[in-house]
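Keeping their order, the protein sequence lines are chains A and B.
So for the first sequence, my numbering puts the first residue at 84; every next one is plus one.
So for the second sequence, my numbering puts the first residue at 84; every next one is plus one.
Don't read these hints as lab results, they were simulated from the structure.
Some hints could be false.
Since the list can't tell identical chains apart, any single copy or any two copies may satisfy a pair.
Unchecked claim - In silico EDC-like pairs for lysine to aspartate or glutamate, Cα to Cα no more than 20 angstroms straight-line:
#1 Lys190 x Asp215
#2 Lys202 x Asp128
#3 Lys89 x Asp128
#4 Lys202 x Asp215
#5 Lys89 x Glu155
#6 Lys190 x Glu96
#7 Lys89 x Glu189
#8 Lys190 x Glu155
#9 Lys190 x Asp161
#10 Lys202 x Glu155
#11 Lys190 x Glu107
#12 Lys89 x Glu115
#13 Lys89 x Asp112
#14 Lys202 x Glu189
#15 Lys89 x Asp215
#16 Lys202 x Asp161
Protein chains: 2
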Amino acid sequence: MFNLEKLVAEMRETIPLTRSMALEGLRYDGNELILTVPLAPNVNDKGCAFGGSLACLATVTGWGLLRLALAEQGHAADLYIQDQQTRFLAPAWGRLYARCHWTSSEKATFLSAYAARGKARAAVHVACTSDDLEVCTMEARYAALTPGSNRPASQPAE
Amino acid sequence: MFNLEKLVAEMRETIPLTRSMALEGLRYDGNELILTVPLAPNVNDKGCAFGGSLACLATVTGWGLLRLALAEQGHAADLYIQDQQTRFLAPAWGRLYARCHWTSSEKATFLSAYAARGKARAAVHVACTSDDLEVCTMEARYAALTPGSNRPASQPAE
Numbered sequence: 084m085f086n087l088e089k090l091v092a093e094m095r096e097t098i099p100l101t102r103s104m105a106l107e108g109l110r111y112d113g114n115e116l117i118l119t120v121p122l123a124p125n126v127n128d129k130g131c132a133f134g135g136s137l138a139c140l141a142t143v144t145g146w147g148l149l150r151l152a153l154a155e156q157g158h159a160a161d162l163y164i165q166d167q168q169t170r171f172l173a174p175a176w177g178r179l180y181a182r183c184h185w186t187s188s189e190k191a192t193f194l195s196a197y198a199a200r201g202k203a204r205a206a207v208h209v210a211c212t213s214d215d216l217e218v219c220t221m222e223a224r225y226a227a228l229t230p231g232s233n234r235p236a237s238q239p240a241e
Numbered sequence: 084m085f086n087l088e089k090l091v092a093e094m095r096e097t098i099p100l101t102r103s104m105a106l107e108g109l110r111y112d113g114n115e116l117i118l119t120v121p122l123a124p125n126v127n128d129k130g131c132a133f134g135g136s137l138a139c140l141a142t143v144t145g146w147g148l149l150r151l152a153l154a155e156q157g158h159a160a161d162l163y164i165q166d167q168q169t170r171f172l173a174p175a176w177g178r179l180y181a182r183c184h185w186t187s188s189e190k191a192t193f194l195s196a197y198a199a200r201g202k203a204r205a206a207v208h209v210a211c212t213s214d215d216l217e218v219c220t221m222e223a224r225y226a227a228l229t230p231g232s233n234r235p236a237s238q239p240a241e
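Kindly generate the complete structure, drawing on both the sequences and the hints.
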């Protein structure tokens with residue numbers, strides 16, 4: 084079964100930057116995913132969290148929620164982020180946590196669209212906290228496509 | 084003199100993720116900054132560029148343009164990203180380039196605001212390309228503050 088542990092292992096194997104960030108999984112219950120990274124590898128020149136690290140963490144948390152949902156239905160879709168709006172609310176001085184949640188109804192709508200058409204879109208909200216303070220929010224849209232459908236002809240489909 | 088070479092060296096020293104991304108400087112002429120990263124450390128599960136890497140690259144390119152402008156005037160401001168809107172237009176299968184440009188008038192307005200008040204904001208546009216294709220755009224706002232003014236009392240100001 085594809086679960087939180089396998090999701091994070093897959094990310095760390097296939098997305099080198101998530102290894103550099105020391106990405107860890109904290110919780111997944113079917114509707115909510117929480118991923119976390121320590122501050123040290125994600126610090127900036129001021130000693131607080133690098134905005135790019137927060138954006139990356141939020142990006143993979145939204146992505147991971149959709150990846151887990153698709154995997155639960157046996158779908159190995161190619162998942163792409165389409166756009167994101169990120170707000171940095173306060174400097175983060177400790178470990179970073181990103182939480183992405185959707186309702187069972189939002190999840191069902193996304194999965195039934197993918198099952199019917201081999202492609203689907205979802206909009207998600209990710210909230211990042213540090214020391215119990217909300218430090219960053221991200222609204223993002225992702226597209227799930229049939230594997231290989233968005234790759235150039237010259238690119239070997241894996 | 085603080086120049087492109089020193090900017091990139093400073094980023095790689097103080098923001099570990101930029102080292103992981105293998106960030107390099109390509110060009111700075113006073114109004115335009117181009118930074119670049121190779122694909123390999125910035126790849127995703129599909130073999131193209133990780134959206135988070137593109138967001139990071141765009142973030143530091145906008146940041147770098149403002150950092151260079153402030154340094155030219157002898158200002159060592161704390162520069163924070165406030166928000167960003169990023170659009171991922173196409174998968175990127177090669178080296179990534181991010182370009183941020185502003186007019187001399189935009190630059191002068193930002194610098195005179197900072198000189199007058201010890202704080203200033205700027206909105207920038209960053210375009211990322213790969214294989215001559217525009218793959219990502221980012222609109223972002225940054226704030227320049229007097230060094231140390233946004234740090235918690237418990238945090239040692241460097």
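Now for the hints, and whether the structure bears them out:
Taking the shortest Cα distances, Lys190 and Asp215 never come within 20 angstroms of each other, neither inside one copy (27 angstroms) nor across copies (37 angstroms). Within a single copy, Lys202 and Asp128 get their C-alpha atoms only as close as 41 angstroms, which misses the 20 angstroms cut-off; across copies the closest is 18 angstroms, which meets it. In this homomeric assembly, Lys89 and Asp128 come within 20 angstroms of each other (Cα to Cα) only across copies, at 14 angstroms, whereas the closest approach inside a single copy is 33 angstroms. Taking the shortest alpha-carbon separations for Lys202 and Asp215, neither the intra-copy value of 37 angstroms nor the inter-copy value of 28 angstroms comes in at or below 20 angstroms.
When the C-alpha separation of Lys89 and Glu155 is checked against a cutoff of 20 angstroms, the pair qualifies only within one copy, where the shortest distance is 12 angstroms, while the shortest distance between copies is 48 angstroms. For the identical chains of this complex, Lys190 and Glu96 are neighbours neither inside a copy (26 angstroms) nor across copies (42 angstroms), given an alpha-carbon limit of 20 angstroms. For a Cα distance limit of 20 angstroms, the shortest separation of Lys89 from Glu189 qualifies neither inside one copy, at 23 angstroms, nor across copies, at 48 angstroms. In the homo-oligomer, the alpha carbons of Lys190 and Glu155 lie at most 20 angstroms apart inside one protomer (11 angstroms), although the nearest pairing across protomers, at 51 angstroms, exceeds that limit.
Only within a single protomer do Lys190 and Asp161 lie at most 20 angstroms apart by alpha-carbon distance; the minimum there is 17 angstroms, versus 41 angstroms between protomers. Taking identical chains as interchangeable, the C-alpha atoms of Lys202 and Glu155 lie at most 20 angstroms apart only when both belong to the same chain, with a minimum of 16 angstroms there against 50 angstroms between chains. When the C-alpha separation of Lys190 and Glu107 is checked against a cutoff of 20 angstroms, the pair qualifies neither within a copy, at 23 angstroms, nor between copies, at 41 angstroms. For a Cα distance limit of 20 angstroms, the shortest separation of Lys89 from Glu115 inside one copy, 16 angstroms, qualifies, whereas the shortest one across copies, 43 angstroms, does not.
Taking identical chains as interchangeable, the C-alpha atoms of Lys89 and Asp112 lie at most 20 angstroms apart only when both belong to the same chain, with a minimum of 14 angstroms there against 46 angstroms between chains. In this assembly of identical chains, Lys202 and Glu189 lie within 20 angstroms of each other by CA distance solely inside one copy; the values are 15 angstroms within and 43 angstroms between copies. In this assembly of identical chains, Lys89 and Asp215 lie within 20 angstroms of each other by CA distance neither inside one copy nor across copies; the values are 27 angstroms within and 36 angstroms between. For the identical chains of this complex, Lys202 and Asp161 are intra-copy neighbours only, at 9 angstroms inside a copy versus 44 angstroms across copies, given an alpha-carbon limit of 20 angstroms.
The structure fails to meet hints 1, 4, 6, 7, 11, 15 from the earlier list, while all remaining hints are met.
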